[in-house]
Amino acid sequence: MSGLAAFAYETRWLGLRTLRRFIRVPANPVSTLLFPLIQLFVFSQLFKDIVTLPDFGGGGSYLAYLAPGQIAFTVFFAVAWVGGNLLVDLRSGYLDKLRVAPINRYAILAGEIVPLFVESVVMGGAILVLSVLMGATVATGLPGAALILGLGGLFGVVWSGTSFLPALLTKNEQATGTLAMLFMPLAFMSTAFVPATLMPDWLQFLNAWNPISHLIEAMRALMVSGYDWGLIGKAVASLTILGLVLHGATFWAFRRLAA
Amino acid sequence: MQPDVRAVIEVADLVKVYAGGTRALDGITFGVEAGEFFGFLGPNGAGKTTTIRILSTLLRQTSGTAHVAGLDVEHDAAAIRRRVGFATQQVAVENLATGRENLELIGRLHRVPGPELRRRTDELLALMGLAEVAGKLAGTYSGGMRRRLDLASALVHRPEVLFLDEPTEGLDPQSRTALWEELVRIRDAGTTMFLTTHYMEEADRLCGRLAIIDGGRIAVTGTPAELKRSIGSDTVALALQADGPGALARAQDEVGRLLDGFAPLGGLERTAFGVSLAVSDAHAAVPDLLRRLDGNGLVVSGLTMSQPTLDDVFLQYTGRHIRDEGADRPLELGWY
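Each protein sequence line maps, in turn, to chains A and B. Read in order, the letters of the first sequence correspond to residues 1 to 259 in our numbering. Read in order, the letters of the second sequence correspond to residues 1 to 336 in our numbering.
Hint data in this document are derived by calculation from the structure and do not stem from the laboratory. This structure is a prediction, so every number in the text was calculated from the model and none was measured. Some hints could be false.
What the hints assert, rightly or not - Covered, in the sense of this in silico footprint (three residues per stretch, anywhere, with C-beta under 8 Å from a C-beta of chain A), are these stretches of chain B:
| no. | region |
| --- | --- |
| 1 | 95-105 |
| 2 | 240-246 |
As the list claims (entries may be wrong) - Residues of chain A clear of chain B, computed beta-carbon distances all greater than 12 Å:
| no. | residue |
| --- | --- |
| 3 | Leu37 |
| 4 | Pro54 |
| 5 | Asn104 |
Glycine included, each C-beta is placed from N, C-alpha and C at the ideal position.
Whenever a hint applies, use it, and build me the whole structure from the sequences.
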């Protein structure tokens with residue numbers, strides 16, 4: 001087995017363990033979906049007429065406008081505390097058990113990160129399906145919906161670095177969600193709820209660099225208008241750069257700890 | 001000092017100094033032969049866990065050499081990992097996986113082929129008495145069952161050497177005894193065992209040979225019997241039946257006369273009930289001793305034998321009782 005094939009084999013089996021751990025605790029999907037679902041339900045009713053504002057950018061359904069942001073929220077909740085799983089393995093001795101196995105030690109980390117794409121897609125998909133059941137439509141149909149969820153999955157993998165990094169640096173469970181919580185201010189100042197045209201100039205300036213806005217706008221285009229490859233490309237580039245920074249640091253921290 | 005060249009584990013002048021300056025190992029040398037059950041007996045902080053972590057490739061030494069199965073722990077770590085099993089001090093099982101899933105995952109990481117893995121998993125679950133709960137989540141198991149599952153996962157790839165770091169820590173006496181029986185069975189199947197413990201009874205019952213370690217140094221190495229003999233004789237206490245004034249003193253004199261010239265005898269002391277005899281090997285000496293006393297009007301109404309304990313050995317070689325150790329020091333975990 002070549003080095004890459006061996007790495008993929010080890011990541012696969014360790015990844016299945018990660019997925020099993022997520023699925024077998026019913027509180028995981030429930031807590032992931034609850035807050036975004038409440039926001040989707042309440043805000044879509046409370047602010048449904050906001051689309052009639054002159055600067056909103058052309059009417060339509062506020063539910064469809066809101067849904068992409070809630071997919072991002074869902075993905076955030078799915079990955080915000082995942083660094084804690086590594087700490088559980090560290091404290092229980094399971095990490096030692098894996099480190100004594102004849103495997104690439106980075107496969108241990110990859111086995112934690114890669115399944116987050118699947119978890120994010122499934123959880124984001126649940127919100128998308130519920131949005132559709134509540135009356136939203138996806139302008140690009142099933143292929144567009146798959147692309148929306150693919151972007152959500154990519155975001156989940158990228159944002160997990162904000163949990164793994166402090167977990168590995170501090171070895172403190174309480175620290176695992178601290179950096180991830182940066183999502184909240186970024187999301188609330190993003191275009192998740194209102195378009196940039198309704199924001200003050202300084203917020204519009206910040207949003208030009210806000211990866212959460214890039215992600216949501218790409219997903220929203222797929223949801224309400226059509227394929228905007230410029231926006232999709234911008235979101236992918238933005239997330240890739242963020243991912244390289246976060247996971248570069250995560251791999252460095254993991255190497256210090258266990259590789 | 002040169003290590004034993006026939007050993008499966010060979011350690012020479014091993015030193016470990018942690019980043020904070022703690023000298024956990026101060027130049028230890030020892031060897032373990034194939035099929036041997038070897039143990040490190042010492043208090044917390046003695047250097048037991050540091051040694052086992054170096055040998056199982058989890059930690060890098062500061063200086064000295066260590067070989068496992070003929071491979072250098074520093075340069076051949078990957079090859080060593082294919083040939084050893086390691087049961088950590090904590091019980092390292094996946095709570096949200098079933099017993100069977102726990103074993104299968106570790107087996108797959110060790111590249112045990114599918115059909116062989118199924119056979120091996122069934123075999124180990126049966127060996128550890130977990131076959132009936134194989135489909136239940138490990139998180140629902142008792143402490144003893146979890147430890148046995150942990151042990152099984154360390155054996156799934158049939159390792160040549162099994163490292164056990166305080167394997168019965170935290171277990172109730174019944175589970176501890178059951179686990180000892182499992183460990184003996186594993187040793188009987190040909191696996192070389194390296195155990196660390198601070199339980200004297202555990203070291204005594206399991207280890208064919210052991211090293212007393214304290215303060216990062218090996219104080220003495222030998223079989224439990226050798227170590228106990230090295231510090232003194234066994235004791236045989238005889239209660240003598242004596243009716244009437246002066247009868248006990250006469251009986252004691254008679255014992256002294258009858259045992260005059262009895263080779264194993266190292267000394268005789270009078271006691272309130274009879275005599276206390278110091279002999280080199282009580283089990284071997286007692287039949288002959290009783291024959292010598294028989295038929296001379298003496299009535300031996302009671303007999304007890306006692307040997308020096310490993311605690312006595314520990315005291316002799318380190319100057320303190322193993323139980324005198326202070327509160328557990330936090331474990332210093334090194335990584336590389």
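- For A:Leu37, which was marked as not at the interface, is the minimum beta-carbon distance to chain B over 12 Å? Holds, since 25 Å exceeds 12 Å.
- Task: Examine the region 95-105 of chain B: at least three residues should have C-beta closer than 8 Å to a C-beta of chain A.
- Result: holds (count 4)
- Against chain A, does the region 240-246 of chain B show at least 3 residues with beta-carbon separation below 8 Å? violated (count 0)
- Message: Just want to verify: A:Asn104 was marked as not at the interface with chain B; is every Cβ pair farther apart than 12 Å?
- Response: The assertion about A:Asn104 is violated, with a minimum of 9 Å to chain B.
- Task: Mind verifying the non-interface call on A:Pro54? Its CB should be farther than 12 Å from each CB in chain B.
- Result: Since the minimum Cβ distance to chain B is about 53 Å, A:Pro54 lies beyond 12 Å and the statement holds.
Comparing the model with each earlier hint shows violations of hints 2, 5; every other hint is respected.
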